[in-house]
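*Asks:* The lines below spell out each chain.
Protein chains: 2
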Amino acid sequence: MTDMPRSINIHEEGPREGFQIEPGPIPTADKIRLIEALAETGLHHIQVCSFVNPRVVPGWADAADVVSGFKARPDVRYTALWFNAQGLERALAFRDRLHITGSISLTASEAFTRKNLNRSHAENLEAMRKQTALHLSHDVPVERIGVMAAFGCNYQGDITPAQVISTLEDGFTIAKECGATIKHISLADTMGWGAPPRVERVVGEVRSRWPDQTIGLHLHDTRGLAIANAHAGLKMGVAQFDSTVGGLGGCPFAGQKGAAGNVCTEELVMLCQEMGIETGVDLDRLIEVGRMAEEIVGHVLPSELIHAGSLGSFRKRAA
Amino acid sequence: MTDMPRSINIHEEGPREGFQIEPGPIPTADKIRLIEALAETGLHHIQVCSFVNPRVVPGWADAADVVSGFKARPDVRYTALWFNAQGLERALAFRDRLHITGSISLTASEAFTRKNLNRSHAENLEAMRKQTALHLSHDVPVERIGVMAAFGCNYQGDITPAQVISTLEDGFTIAKECGATIKHISLADTMGWGAPPRVERVVGEVRSRWPDQTIGLHLHDTRGLAIANAHAGLKMGVAQFDSTVGGLGGCPFAGQKGAAGNVCTEELVMLCQEMGIETGVDLDRLIEVGRMAEEIVGHVLPSELIHAGSLGSFRKRAA
Numbered sequence: 001m002t003d004m005p006r007s008i009n010i011h012e013e014g015p016r017e018g019f020q021i022e023p024g025p026i027p028t029a030d031k032i033r034l035i036e037a038l039a040e041t042g043l044h045h046i047q048v049c050s051f052v053n054p055r056v057v058p059g060w061a062d063a064a065d066v067v068s069g070f071k072a073r074p075d076v077r078y079t080a081l082w083f084n085a086q087g088l089e090r091a092l093a094f095r096d097r098l099h100i101t102g103s104i105s106l107t108a109s110e111a112f113t114r115k116n117l118n119r120s121h122a123e124n125l126e127a128m129r130k131q132t133a134l135h136l137s138h139d140v141p142v143e144r145i146g147v148m149a150a151f152g153c154n155y156q157g158d159i160t161p162a163q164v165i166s167t168l169e170d171g172f173t174i175a176k177e178c179g180a181t182i183k184h185i186s187l188a189d190t191m192g193w194g195a196p197p198r199v200e201r202v203v204g205e206v207r208s209r210w211p212d213q214t215i216g217l218h219l220h221d222t223r224g225l226a227i228a229n230a231h232a233g234l235k236m237g238v239a240q241f242d243s244t245v246g247g248l249g250g251c252p253f254a255g256q257k258g259a260a261g262n263v264c265t266e267e268l269v270m271l272c273q274e275m276g277i278e279t280g281v282d283l284d285r286l287i288e289v290g291r292m293a294e295e296i297v298g299h300v301l302p303s304e305l306i307h308a309g310s311l312g313s314f315r316k317r318a319a
Numbered sequence: 320m321t322d323m324p325r326s327i328n329i330h331e332e333g334p335r336e337g338f339q340i341e342p343g344p345i346p347t348a349d350k351i352r353l354i355e356a357l358a359e360t361g362l363h364h365i366q367v368c369s370f371v372n373p374r375v376v377p378g379w380a381d382a383a384d385v386v387s388g389f390k391a392r393p394d395v396r397y398t399a400l401w402f403n404a405q406g407l408e409r410a411l412a413f414r415d416r417l418h419i420t421g422s423i424s425l426t427a428s429e430a431f432t433r434k435n436l437n438r439s440h441a442e443n444l445e446a447m448r449k450q451t452a453l454h455l456s457h458d459v460p461v462e463r464i465g466v467m468a469a470f471g472c473n474y475q476g477d478i479t480p481a482q483v484i485s486t487l488e489d490g491f492t493i494a495k496e497c498g499a500t501i502k503h504i505s506l507a508d509t510m511g512w513g514a515p516p517r518v519e520r521v522v523g524e525v526r527s528r529w530p531d532q533t534i535g536l537h538l539h540d541t542r543g544l545a546i547a548n549a550h551a552g553l554k555m556g557v558a559q560f561d562s563t564v565g566g567l568g569g570c571p572f573a574g575q576k577g578a579a580g581n582v583c584t585e586e587l588v589m590l591c592q593e594m595g596i597e598t599g600v601d602l603d604r605l606i607e608v609g610r611m612a613e614e615i616v617g618h619v620l621p622s623e624l625i626h627a628g629s630l631g632s633f634r635k636r637a638a
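Residue numbers (my numbering), protein chains in the order written: chain A, 1 to 319; chain B, 320 to 638.
The hints are all genuine.
Taking lysine-lysine pairs in the BS3-like style, the calculated list, with each CA pair at most 30 Å apart, reads:
(1) A:LYS130 x A:LYS183
(2) A:LYS115 x B:LYS635
(3) A:LYS235 x A:LYS316
(4) A:LYS130 x A:LYS115
(5) B:LYS449 x B:LYS495
(6) B:LYS434 x A:LYS316
(7) A:LYS235 x B:LYS554
(8) B:LYS502 x B:LYS434
(9) B:LYS449 x B:LYS502
By construction, these hints were calculated from the structure, which means they are not laboratory data.
Hey, can you work out the whole structure from these sequences and the hints?
*Replies:* Rendered as structure tokens:
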């Protein structure tokens with residue numbers, strides 16, 4: 001229990017994850033409205049868009065308009081996502097507005113790397129080496145290694161902590177070769193294989209191996225255990241979480257694989273509140289933004305809390 | 320960790336909770352089909368209906384037809400719910416098919432008792448005293464005290480462990496006066512106020528006070544933390560859970576209070592599997608029944624796992 005953090009950092013990914021998957025089109029003005037509302041809740045890190053090929057992800061064809069359109073708050077870091085040199089170039093055009101950092105993004109499952117990127121693990125390492133060098137050549141710091149499928153994979157099955165560590169070692173080798181100083185490790189439950197005992201094992205082993213790195217969790221709710229996994233992470237001392245308002249990022253069509261989004265930001269904040277862990281977020285404001293997100297996408301979102309209301313609001317009424 | 324149970328008992332309440340809230344009408348044959356399918360999954364306790372006033376709960380106007388209609392398995396206990404003498408009488412007509420036991424049902428929140436039952440706590444105690452005596456006079460054992468709103472209340476706010484214990488003491492007084500031997504305590508998070516630290520505190524204090532009672536949890540997912548609360552309960556040694564297949568029991572209309580159902584049986588079973596705790600349930604079969612439930616009610620159910628499929632099924636494919 002002494003491992004529990006006093007406060008956590010939340011990286012809100014709702015706009016980026018949500019708007020890329022919605023059948024849309026979502027008006028640019030609505031995307032901007034959501035980003036500006038999120039920035040008023042006390043969230044300090046918001047991922048606002050993907051710079052990706054608009055033919056592949058039409059939902060982000062307006063990425064540049066979104067980034068140039070929102071009114072930025074000085075106390076909020078706005079981030080974006082990209083996967084290649086063209087994406088980086090588009091991001092760099094907004095150096096004044098975006099917090100631009102690079103990441104060495106690897107996958108603990110070679111089967112997923114092949115399926116998702118059409119590359120072998122070795123080819124992916126080579127691609128990441130090039131991308132890291134490219135970032136550094138633009139004075140973009142690369143301080144983070146991300147491991148996808150860190151808790152299991154629909155194509156490869158279980159992933160052992162040793163496989164996660166080996167993947168991270170590959171990432172550290174790339175960082176060393178390129179002269180990057182890694183500070184953060186992010187472990188992603190990309191396909192919803194995590195359960196609390198597995199989270200405890202993987203986080204524990206990674207922390208033992210790299211005690212000076214901060215560890216972050218990116219938890220998809222594919223099988224309904226994301227909030228239990230977040231709780232397990234908090235008890236292990238994890239103080240960095242990605243999450244999405246309303247649970248954005250799920251597939252809006254019933255009965256399809258991958259229907260679930262990320263762990264909901266509101267539910268993560270409520271969990272922290274009840275555990276005495278600070279998030280800096282005004283939960284009632286965030287719930288209002290969750291309801292706004294639901295209105296913007298035009299369908300019910302997975303978050304239960306935005307439908308029920310916060311305990312705080314009921315405590316006030318009952319007092 | 321040594322508190323963790325080796326196995327748990329699940330009381331499947333999907334048919335009862337689900338069909339009472341659906342706008343329906345759900346054909347009697349579909350209710351029977353779901354009950355029979357649930358009994359093939361390895362579940363040993365299934366609550367099949369409510370004997371309630373059909374003018375108030377039209378979804379259970381066909382309770383008698385359902386109970387007389389399903390093919391019973393000898394290794395499954397089929398239970399029902401009722402709230403008064405008329406309901407008990409209707410249940411007793413099925414003594415050969417139903418496992419009929421009584422319960423002293425109290426609420427830790429007087430505000431909720433007034434709102435829900437239009438009674439003071441004292442009036443409710445008197446009603447429970449009469450009901451307990453009535454059950455015993457029909458040779459129906461009363462071995463359980465249930466406490467609703469044991470973790471908080473939308474009308475009264477936070478509920479302390481001391482209030483839960485005081486409510487249970489009232490129940491034990493009734494049991495003693497009536498000559499009932501209590502073996503089980505059930506703590507219900509009726510309005511979704513539970514979070515892991517609160518579950519740990521309440522379960523811990525109740526167990527210290529009554530170490531020989533088995534403790535059960537009934538967890539609504541109103542604010543999205545039900546599975547994290549179940550995990551906290553498991554780690555505290557709780558080995559009795561109510562749950563509903565697919566998360567049945569929620570309100571199918573978007574944006575309404577009480578939209579969430581109970582903790583999903585499938586997700587509870589998956590959690591237990593990953594923790595090495597036996598449930599006796601064949602998860603893949605149960606997922607099929609969750610999909611059947613979704614087809615019967617005609618809308619998407621809250622369970623993520625029925626949409627994603629079990630880890631076991633993907634392990635097989637990956638092997």
